[in-house]
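Going left to right, the sequence shown walks through residues 1 to 486 as UniProt numbering numbers them.
Treat the hints with care, as some may be off.
Label-pair distances were calculated between CB atoms; the ranges are [claimed, not checked]:
1. 202 to 395: 52 to 62 Å
2. 456 to 436: 22 to 32 Å
3. 286 to 344: 33 to 43 Å
4. 196 to 403: 45 to 55 Å
5. 126 to 271: 36 to 46 Å
6. 184 to 437: 40 to 50 Å
7. 191 to 248: 42 to 52 Å
8. 467 to 176: 51 to 61 Å
Since the hints were derived computationally from the structure, they do not count as laboratory data.
Here a beta-carbon is modelled for each residue, glycine too, at the ideal position from N, C-alpha and C.
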Amino acid sequence: MWMEGNTGETTSLRKGAIGTWQGVFQSFSFVGPAADVAILLIGTFAFAGASSALSVLLAWLIYGLWMITPYQFSKFKANAGSYYSYAAGSTKKGMLGPPALVSWMGENLTGQSFGILGFASFIYLLSSRISSIPYIWVAFSVAITLYMFILPYLGIRPSLNYVAVTGFAEAMFLLLGSIIIIVRVGHANTLVPFTIPAGALSAVLFGTVFSILDFTGLGTVTTTSEEIRDPKKRVRRSLIIAWALSGLALIPAAYALTVGWGIGNISSYASSPDPGLLVFRKYLGVAGFILLIIFTANSYFSYGVAKTNAVSRIWFSAARDGVVFPKGLSRVHRRYRTPSNAMLVWLTASFVIDMILGSIFGPENGALILLTTAGIAIIFVHIYANTGLSLYYRSLRREDRSLLYQVVAPTVSSVLGIVVIFYSVQSTVQSYTSSPSAINLAYLVATVVALVLGAVIGPAVSLYYSRSKPAVLERAGEYDAESSYT
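The task is simple: from the sequences and hints, build the whole structure.
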């Protein structure tokens, strides 16, 4: 039977509400591929230049390695807490749960700037008349924030039906558009974008670091584990399809943008505010230009919907366990079966943070600063979950064990994560020391915040629970939608 809270609200999500393809686009929408193509790959091109397609390819392969952990865990547990619940339930004492959760909270409260401030920044790029109106970006931010709340609030199925339809159209447009550009470039096609020039290895690796962030969120179908039909099969299927689809959407596009812009002129790519739009307009005409604008705007909205779905369920799961969050956030809307309390609290806090940073640094820089924290914080989440999988291996039956996928792969994945963090920290430190400015200081502070959350506060919270509330910690992450009937 359903669990009921004191207010009569249920504390169980709607089981069997969605299928494989809704799960695929819960993950895929986090990538925001059209937004990456239109604008956000600039960070990759700034470092990797003509080898940017290689950086994107390497990032996609690395992220595929990171997908092994949720793939393995989802065989054994269906819990909306995703990486948090995986880490918490990997040991009897649950010590890895709070560090994973706190790290993820760091990403949750900053990563939404991609949707809220990113959308406002994109609209700014389209017209100087719009950008000249003081604080008009706040109105755009309010609009997308309301959308991010309303559609997910109305139910997991309608929200993911929307992103599935528009996401598939977006992926196909980017793939076909890239093919058209490649064909029209003709003899200018070359293998240079997939090679490493002499002395440019570090530049390609820096580009890879930025590109990894473009694939962040591919594992979030796991947050719908309590609502997807036959979760221990469909979640894994969704993970593979979403990862493959993200590669199809971004790798050919990165190559097409490189040869479309011109290898000889690639140094000017990153200095353009909207290079992706310019390339599509050059080779696909006004129609292609307008379609990319439409799909880019949709990228932000779809990301916002997927983000709300994921974060609200992570917080809901932790609140149900009594870890960090109050029990009130584990209550679910009686009619729509969505964690509406968690949605409202998260979006309110996120919006306030975005408005503060946006007011100080402008919407574009504010978003990039917050995304610096988000990028490092989510890597800590992966590291804690990877560690959890390696520890969980020992408790599995012999027939369920795989040394390669449950110990070796997650260990390698964590090492790569540490390398990415190192390069990210090195980049922000070098930027500030070589050019000490307010914005570079902000990037440095954002980096330090992520490091402190993942390496200090998270473990400290775990230590607190182990001493003060050990029973809570031991039960954390135990819920399994396929075996729990309460």
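Non-conforming hints, listed in increasing numerical order: The structure breaks hints 1, 4, 5 and 7; every other hint is satisfied.
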